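As you go down the protein sequences, you meet chains L and Z in turn. Take the first sequence: its position 298, counted from the start at 1, is 355 in this note's numbering, and no numbers get skipped. Take the second sequence: its position 274, counted from the start at 1, is 387 in this note's numbering, and no numbers get skipped.
These are computed hints drawn from the structure, not numbers from a lab. One thing to keep in mind: the hints can contain errors.
To be verified - Think about it this way: if two alpha-carbon atoms lie no more than 30 angstroms apart in a straight line, the pair counts; the simulated DSBU-like pairs of lysine-lysine are:
hint	chain 1	residue 1	chain 2	residue 2
1	Z	Lys125	L	Lys363
2	Z	Lys239	L	Lys556
3	Z	Lys177	L	Lys425
4	L	Lys551	Z	Lys245
5	L	Lys357	Z	Lys379
6	Z	Lys254	L	Lys556
7	Z	Lys254	L	Lys254
8	Z	Lys161	Z	Lys379
9	L	Lys363	Z	Lys245
10	L	Lys357	Z	Lys254
11	Z	Lys383	L	Lys254
12	L	Lys350	Z	Lys161
13	Z	Lys177	Z	Lys135
14	Z	Lys245	Z	Lys135
15	L	Lys551	Z	Lys379
16	Z	Lys351	Z	Lys125
17	Z	Lys383	L	Lys425
18	Z	Lys239	L	Lys425
19	Z	Lys177	Z	Lys125
20	L	Lys425	Z	Lys161
Values in this document were obtained by computation on a predicted structure and should not be read as measured data.
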Amino acid sequence: MSIGAIPSRYRIRIDRDQCMLCERCIESCPYGVFRKNGETIHVDSRKCTACHRCIAMCPRDAISLLEHPIDYRSHPIWTREVRESIYNQARTGKIILAGMGNAQPLPAIFDRLLLDACQVTNPSIDPLREPMELRTYIGKKPSRLEIRRTPEGDLDLVTELAPNLEAETPILIAHMSYGAISLNAQKSLAMAATEVKTFMGTGEGGLHPALYPYQDRMIVQVASGRFGVDINYLERGAAIEIKIGQGAKPGIGGHLPGEKVDADVSATRMIPVGSDAISPAPHHDIYSIEDLKQLVRGLKEATEWKKPVFVKIAAVHNVAAIAAGIARSSADAVVVDGFRGGTGAAPRVFRDQVGLPIEAAIAAVDQKLRDQGIRNEVSLIASGGIRESADVAKAIALGADAIYIGTASLVAMGCRVCGNCYRGLCPWGIATQREDLTARLDPREGSVLVSNLIHAWTLELSELMGAAGINSIESLRGNRDRLRGYMLDEGILKVLDVKPVGA
Amino acid sequence: MCGIIGVIDRRKEPMDGLRIKKALSQMNERGSGEGAGYAVYGVYPEYKDYYALHVFFNNIHETKDALDATLEQWGRIVHDEEIPTYEQPNLRKTHTPWRYFFKPDKKLMAWSKSPEDDIVTYLVMKINAERKGSLVFSSGKNIGVFKASGWPEDVANFYRIEDYAGYLWLGHNRYPTNTPGWWGGAHPFNLLGWSVVHNGEITSYGTNRRYIESFGYQCTMYTDTEVVAYLIDLLVRKHGLSEELAVKALAPPFWDEIDIMAPRQKMVAKALRLAYGSALMNGPFAIVVANQESMVGFTDRIKLRPLVGGTCGNRVFVSSEEAAIRAMEPDIEHVYMPRAGEPIIGKVIP
Chain L
58 MSIGAIPSRY RIRIDRDQCM LCERCIESCP YGVFRKNGET IHVDSRKCTA
108 CHRCIAMCPR DAISLLEHPI DYRSHPIWTR EVRESIYNQA RTGKIILAGM
158 GNAQPLPAIF DRLLLDACQV TNPSIDPLRE PMELRTYIGK KPSRLEIRRT
208 PEGDLDLVTE LAPNLEAETP ILIAHMSYGA ISLNAQKSLA MAATEVKTFM
258 GTGEGGLHPA LYPYQDRMIV QVASGRFGVD INYLERGAAI EIKIGQGAKP
308 GIGGHLPGEK VDADVSATRM IPVGSDAISP APHHDIYSIE DLKQLVRGLK
358 EATEWKKPVF VKIAAVHNVA AIAAGIARSS ADAVVVDGFR GGTGAAPRVF
408 RDQVGLPIEA AIAAVDQKLR DQGIRNEVSL IASGGIRESA DVAKAIALGA
458 DAIYIGTASL VAMGCRVCGN CYRGLCPWGI ATQREDLTAR LDPREGSVLV
508 SNLIHAWTLE LSELMGAAGI NSIESLRGNR DRLRGYMLDE GILKVLDVKP
558 VGA
Chain Z
114 MCGIIGVIDR RKEPMDGLRI KKALSQMNER GSGEGAGYAV YGVYPEYKDY
164 YALHVFFNNI HETKDALDAT LEQWGRIVHD EEIPTYEQPN LRKTHTPWRY
214 FFKPDKKLMA WSKSPEDDIV TYLVMKINAE RKGSLVFSSG KNIGVFKASG
264 WPEDVANFYR IEDYAGYLWL GHNRYPTNTP GWWGGAHPFN LLGWSVVHNG
314 EITSYGTNRR YIESFGYQCT MYTDTEVVAY LIDLLVRKHG LSEELAVKAL
364 APPFWDEIDI MAPRQKMVAK ALRLAYGSAL MNGPFAIVVA NQESMVGFTD
414 RIKLRPLVGG TCGNRVFVSS EEAAIRAMEP DIEHVYMPRA GEPIIGKVIP
C-alpha cells in the first residue's frame, strides 16, 4: 500500500522572461533542484531546502520561492509538522534527524525583556567620547585578596591568580567541530576570533594543523568520543572545554554522519574515513560529579595547571544544582547551552522537546552560585539562541559573564538556517566537506563577515551600556534591576528575579 | 543633585555642629527640602564602649516593647532615651527618634572573629528587614546620625545639632527621586563605624546589591546609598583591605591605565578588578565614607559628580562645593579638585 507523496514544502518558480539561461542556479544547487533540458531550466521543487543559494547567485533575480505552497486542512493540534513526521516515521520506522536549533514556535524570553536607559537623574555615557570597557576575563576569580606592603612601601599581591582568558568582548564563538563544518568555515571563525580578540571553540573534532596559527584563540573541546584528543591538542588550546551535553540534544551524544568524514576529517578526529562519528551519551569515565572532578583535574595536571578548564552542559531542569556541583570540581567556567542551541545533527524530538530556555537557566545558575557563595569560583558562559546584541546585553544582565554565538556566526557567512546541515551538502560551503562546496567559502572573506558581526554587536553593546550609564561590563553583569519583563508571567519573573514593566 | 560635606580633625579635637549646619545650608541649591542629615563621631564619650543605636519608631506604643525584647535577647540595654527634638514649623515629626546604648552578649556568636559587631549587624539587618515600625539608622560606637525630612537648617534645629560635638562630621542635603519624605531615605547611612553620604545614582546598584546580599547583608532602605556602607564594611572590616584599596576596588582605574602600570602595581590593580568586579560602582556619584579613624571622599571613574577637597591645620574637608568648605572654614589654607577616582583621605593621627 502506498500513501503517496506528501505535499512539497517549497515551490521554486523561475521567471522565464527574466531568466537568461546562465545556469548559475544549476551550479549553485547541490540538492539537484535545477536541471537544463533543451532551452529551459526544469525545476524539481521537492528537493529544495530553501537555502537560497540559487536566489543569491541569480544575476537576474529570476527565482522566487514559496514556503508551504499546498495547505493541509488547518488544525491547531494536528499541525503540518506532526502529520509529516508521522508519514515519515510510518515509512522509515526511524528517528527523525534535524539540524540547527529548536524549531518550536515558543516565544523567546529575550524578546519579552526590555533594557533600561538613563534620563536626567543620571547621565548616559557617550561611548564615542568616554571610555567603555567590555574586556571580559573568563575563569576563576579570587573571592578575597591578600595584599602585602613591602618594606619599600609598595603593594605586593600575595594571592595567586588562577589562569583566565582575556577577551576584548564578552562575545565568543561557540564550538562547531571540523567535520560538522568545513575547514574553511573554521578558518574564517578562527581568523575572526583573532581579529576581534575573542575566542572560538574547536568542537569535538580535533584541531587541524591549518588552525595552529590561531591556537591562542582556540578553546579545545574534550567530549565523550574523545575525537582528536591527545597531549598536542590539549597543549595548543588557550583553554580546554569538557563537553557533557549540548542544548540541541541534552542527554545524548554527538552525531557526525559518515558522509562528512573525508580523509582530512578522519585524520583530525583520529577515526576511519567514512565512519559515523557517534560520541556516546555519557562520558565513559564520568558517572558522577566526582568523576568529572577527576577529569577536570586530570586535564589540568596534563597541562601543568596553566589553562582554564570549562565544563559545558545542556540547560536541563536541574541546571542550577548541576552547575553548583561543577563549580566545586576545580572547573574555571561552566558553559550552559539553552534549548535553542544549534547543532549539525540531532534527533528532532530532542532538538524540539528537551531542555530549558537559556534565559531561565542563566538566572537560576547565577542565583544558585551566589546563594552558595561560590559565584567567583566559576565564570558563566551562556549559549543557545543569542541572535543579536540586545540578547547579549540581556544574558549578561541576567548573570552571564560571556556568551557563545554559533548559529549567528554561521548566518554571518551566508547560512540561511535551512536546517539541513546533517546532509553534508551545505551550498554555502559551511556544513559540508565536499571540496567544490567548501571552495565557495573563502576564509579571508568569511573572517571579515564574522569579525564585522562581532565588532558591530560589541559596538551596540557599548551603546546600550552607555545609555544605561554603565562604563564597565562588570556593572552590567547580574544587574537585573536594569531589566523589566513585558508579558511574562509571575512565575517566570520570579525565576528571572526581574520586575515587570512599570514596577 | 544633593550636596555633601565632611570634615575630620586629625587630632580628634571636637567641633560643635554650628559650622557644619551653616556649611550645609550653603548648598540649598542642591537640595529640595525633603531630606537632610548629619553624622558625628566622638559624640557620646560617656558611652563610648557601647553601640549607640539610633532608632526611628513609627508609633512608639506599638513598636518599642518588641524592639526592647529583641535587643535583650542578644545583649544588654545599658541606657535608652528619646533623642531630644524641638518643634520646627516646616518639619513634620512623623517618627519618634530614640537612642539605645547597647552591649551585645558575645557568647551568642562565639564562632565569629568579631562577635559584637556581627551581632549588631545581624540585629540591624533583621530589625530593618522585618519592617515592624522600627528602623535602626545608626549603630556605631560613639557615633550618632541625626536626620529627617526637611531643609538642613530645619533638621539641624529640630535636633539642635549645635549641642553635639565631635571630631568628624558628615552632612547631606538631599534632592530625592526615590523615596521623598521618608526619614529612612535621608543620608547619612550608617552601619557600625561606617557612615556614608552620597550624591548621585549608582547604575550598578543591581549588581552591587546582589553581590553584597550573597554575604548576608540585606538592602532594606529602598535606595542605592546603603549598599556603599555595606560594601565598605565587607571590603575593609571583613576582607581586611585598607581604605585606599577599598576605594580602588569600588572605583578602579580603567584597563587602559592598568595595562601600562609597572608589573607589581598592575598585578594588584588587576586582582582587585577580578575579585571585586561586582563591587565596582558605576554611574555618577560623589561619596564620602567615614569610620572612627578616617574619612574618604571619592567619585565615580569619570567624575560625573563634583567633589572638592580642602585642608586647614589638622582638618581635612571634602564637599560638593568649595563655598560650603569656605563657609565652614573661612581661613582655609588649601582647596583642590581631585581627579576622577582619586580619593581625598583624612586620617586620625595616631
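> Taking each numbered hint in turn, which are not upheld by the structure, reported in ascending numerical order?
Replying inline: 1, 3, 6, 7, 8, 9, 10, 12, 13, 14, 15, 19, 20
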